[in-house]
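Protein chains in written order, with the numbering used here: chain W, 1 to 627; chain G, 1001 to 1196; chain D, 2001 to 2099.
Note that these hints are calculated values from the structure, not bench results. Where is the CB? At the ideal position from N, CA and C, for every residue including glycine. Be aware that a few hints might be false.
Unchecked claim - Calculated pairs, BS3-like style, for lysine-lysine (alpha carbon to alpha carbon, straight line, at most 27 Å):
1) G:Lys1086 - D:Lys2011
2) W:Lys357 - W:Lys249
3) G:Lys1092 - D:Lys2010
4) W:Lys249 - D:Lys2070
Unchecked claim - Quick list of the computed label-pair ranges, beta carbon to beta carbon:
5) G:Gly1137 - D:Lys2011: 38 to 46 Å
6) D:Asp2039 - G:Gly1137: 28 to 36 Å
7) G:Gly1137 - D:Arg2014: 34 to 42 Å
8) G:Phe1111 - D:Thr2097: 36 to 44 Å
9) D:Phe2049 - G:Phe1111: 26 to 34 Å
10) D:Val2040 - W:Tyr207: 31 to 39 Å
11) W:Val301 - D:Val2040: 30 to 38 Å
12) W:Ser252 - D:Asp2039: 51 to 59 Å
13) D:Thr2097 - W:Gln537: 34 to 42 Å
14) G:Ser1118 - D:Ala2015: 37 to 45 Å
15) G:Val1107 - D:Ala2032: 22 to 30 Å
16) G:Gly1137 - W:Lys95: 44 to 52 Å
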Amino acid sequence: MQPVATAPPPVESTHHHEEHPGFWRTYVFSIDHKVIGIQYLMTGLLFLFLGFTLMLLMRWQLAYPTKAIPGEWFVVLPAAVALISAVIGLVNKRKLAVLVGGVFAGIAGLVWYMVSDETLFPQGIMLPELYNSFGAMHGTIMVFLGVVPLAVGGFGNYVVPLQVGAPDMAFPKLNMMSYWVYFVGGVVMLTSFFVPGGAANSGWTSYTPLANIATMGQTVWLTGMVFLITSSLLGSVNFIVTIVQLRAKGLSFMRLPFFVWSQFITAFLLLLAFPPLEAAAVLQLMDRLAGTSFFLPSGLVISGQVLDVSGGGSPLLWQHLFWFLAHPEVYVLILPAMGIVAEVIANNTRRPLWGYKSLVYAAVFLGFMSFIVWAHHMFMTGMGTVISTFFQTTTMIISIPSVIILTALVISLWGGSIRFTVPMLFALAFLPMFGIGGLTGLPLGFSATDIHLHDTYYVIGHFHYVVAPGTIFALFAGIYYWFPKVTGRMMSPALGKVHFWGSLVCMNGIFFPMLIQGLAGVSRRLYDGGAQYAHAQGVLQWNEFMSVSAWLLAVVQIPFIINFFWSVKKGKRVESDNPWEATTLEWQTPTPPPHGNFAGGVPEVYHGPYEYSTPNGSKDYTPQNVA
Amino acid sequence: MQIPYTVAARPDTGLHNSKLGIWLFLASEVMLFGALFSSYILLRVAAPEWPHGSALLNVPLAFLNTIILIGSSVTMVMSWASLMVKDFAKYKRYMGLTILCGFGFLVVKGFEYGAKFSHGIFPSEDLFYATYFTLTGLHGLHVIGGIIVNAYFWGPGSKMWAREPERFTNRIEVAGLYWHFVDLVWIFLFPVLYLL
Amino acid sequence: MDQATTEDIKKHVRAYIMVFVALMALTVITVAVSYLHLDVTAAIVVALFIASIKGGLVASYFMHLISEKKLVYFTLMLTVVFFIALISLPLLGLHDTIK
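My request is simple: use the sequences and hints to build the entire structure.
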């Protein structure tokens, strides 16, 4: 993957004793955290769009369960994007844009291949099994191949070493390995679409015993997960050691930008929570391949026949091991996003963040608590009152630090000189959207109300509010914000505002009605959106509304894609290395930062990260490395 | 471009990078094997009946393996101690012994597994054997990984001693920490699987 | 362990040998106890107790945990807390059900 204007041309290399690395070592197998960050960013964005495309297809099924799918329209969108990025790439002579265009063409081809397949879409109507596959893969791709690699691998890798004043990550070669293991895991996941029986179709949660007896795609899913988990573990070790050991002189923990704190805590969550899922994946692989019964109870009857296995296993064991990871995983999804929003808010209010210490302590407490709330996903599994009460209590407690963080960010706006830049628009919208997402989580956390809401569209609405207009908005904010540091050019604010408003309206159009449908009792994972259920009839009309909103959301990403690729070469040039007039260390470097990051030697830090509105000559801010 | 604290310790933390790194990795391994132990406990407690390990498994062989692995832990730490007193030849001897012990462990394991397979007993037999094979199998994979790393440091990797002796010593210390952890897991696996 | 002298290392080596002997003895004891066929609870407690001592010796002396830095202790303590949660909470779920 060729990065976007980040790696310095070998001629400008500042190290005399090293040979000039060739194309492959500079752009493909680089050990420079900035190149690796871009690799993660581009791969993550591509997977994000692929996961989104799967959902666009599913939304036809939900809106019009009896009508044949107009396959051409669903091919047109990725094909259009392919054309746009390829053309921009060719005009601006950027190989990466052309490459991305090729990948989008591949996505268009994949969609065409599937919708034309009579066995998958008999008479143009999606098979329920295919719907389930798309559902499982949509979740898996978005969470493990899209959002986390973007938030942690992309933004974390690029920004954290710069913000701590380090020349690179602590283990650069390990960093490169993390990316390539992730890439292989992603390819493995993609191949699962082509194996007999198709991709995994037991939900992203792969509950046993259903997943045990599922088709081959499930084995491929488990294998892919092993790669992804390994990549994550290597990465989290790197992040923690970098932040602890490579902080510049004067940069104490309480002077770290909140973004670094959020990545630090996230790394601990990944380090300690992922291994149980790896263990569970191994156990499920043993069940599927070696005939063991870790998750298969005795006397399990499938299609009228008793399964010929030794039995004695526990389906609930899978749920415990899965959710032990998957609950901290949702904090992995939100913490880096909160970090980005914090940086953008401080910068665009020209004020220090309100309650820095509260933010830090709340985030640390949040990380700790996230390990002991997991069974609130299991309230309907027959747990008794003692254990249900325990998990309900810890779940209620964990909402407190979330509220503290959101409140601190909101109060940070008070008395600020707000600049409504595009990153700030996304960061501002994050606040109420995350608020809705968080508040809708409360009835799910109480075991009594969860009885009615578990496994309904209410759950889907809740978590999508947090991840879509929550995390993904924060990621967009990060892209618009850090784009000028990476490329030396600004993205177009006009296109950015179209992208922002369109996305905000459409996302609410998709996810708010889900809360309504869920409260009415419409179950999730129904391939016809509840059409056959009497209690759902009153809210079925929302399906079409949500689908149209989703398709419009897709259309409104096009200005973003155009903006992104066009601005790399033709965006307005920045007039300084610090166009946003920011205080943190990544802005006190050349644009783009050279190999080794700090051209004049590693900086020394003299004060906290948000010295805005401090008298400093003609400037209204003082960078961290200026006394 | 040099990454700071790869060899020397950072003053406020007292650690060099790879030592912190390996302890973090070992923490994740604690959670990995912890999940497996947790699964074993859950499955066994819920089971209406569960055989005694000593009735079905080869305790003398496993006892021998325990001695071998503990011995290899001693030779591993001795190899590091030899480097600390700048005795490279002794390091090579002790590291070589460590690798041999690792192989020995695998050979004994091979006998154990082979005996079971030849009697038609596979992981699919029942939950007891499923947990036995999976837990010892995963541990065995970790032993293989350790042998590969140690062999690299005995062979081609040992060239670093001539150029950067302190950095090489650190690497052996870090490899040792991993190897001791593998021994530690076995110290718990042995009684749990074979004696209870 | 940066500036250790030859004397220090000799002391360490003495410790390693003593720990090795202790570990051998404890292993023999573990196996011997198993022949006593204690009841289940007692057998588990004794076996885990001895294993913990052995593990503690390996960690403290071979892995030098006894003289390790605070940061490492902190990470391990955190891990132990979550390890206990992972073992105990599902077990609680096994015993506390709706029936």
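Evaluated hints:
| no. | hint | verdict |
| --- | --- | --- |
| 1 | G:Lys1086 - D:Lys2011 | 16 Å, holds |
| 2 | W:Lys357 - W:Lys249 | 21 Å, holds |
| 3 | G:Lys1092 - D:Lys2010 | 18 Å, holds |
| 4 | W:Lys249 - D:Lys2070 | 21 Å, holds |
| 5 | G:Gly1137 - D:Lys2011: 38 to 46 Å | 39 Å, holds |
| 6 | D:Asp2039 - G:Gly1137: 28 to 36 Å | 30 Å, holds |
| 7 | G:Gly1137 - D:Arg2014: 34 to 42 Å | 37 Å, holds |
| 8 | G:Phe1111 - D:Thr2097: 36 to 44 Å | 43 Å, holds |
| 9 | D:Phe2049 - G:Phe1111: 26 to 34 Å | 30 Å, holds |
| 10 | D:Val2040 - W:Tyr207: 31 to 39 Å | 32 Å, holds |
| 11 | W:Val301 - D:Val2040: 30 to 38 Å | 33 Å, holds |
| 12 | W:Ser252 - D:Asp2039: 51 to 59 Å | 55 Å, holds |
| 13 | D:Thr2097 - W:Gln537: 34 to 42 Å | 36 Å, holds |
| 14 | G:Ser1118 - D:Ala2015: 37 to 45 Å | 44 Å, holds |
| 15 | G:Val1107 - D:Ala2032: 22 to 30 Å | 26 Å, holds |
| 16 | G:Gly1137 - W:Lys95: 44 to 52 Å | 45 Å, holds |
Of the hints listed earlier, there is not a single one the structure fails to meet.
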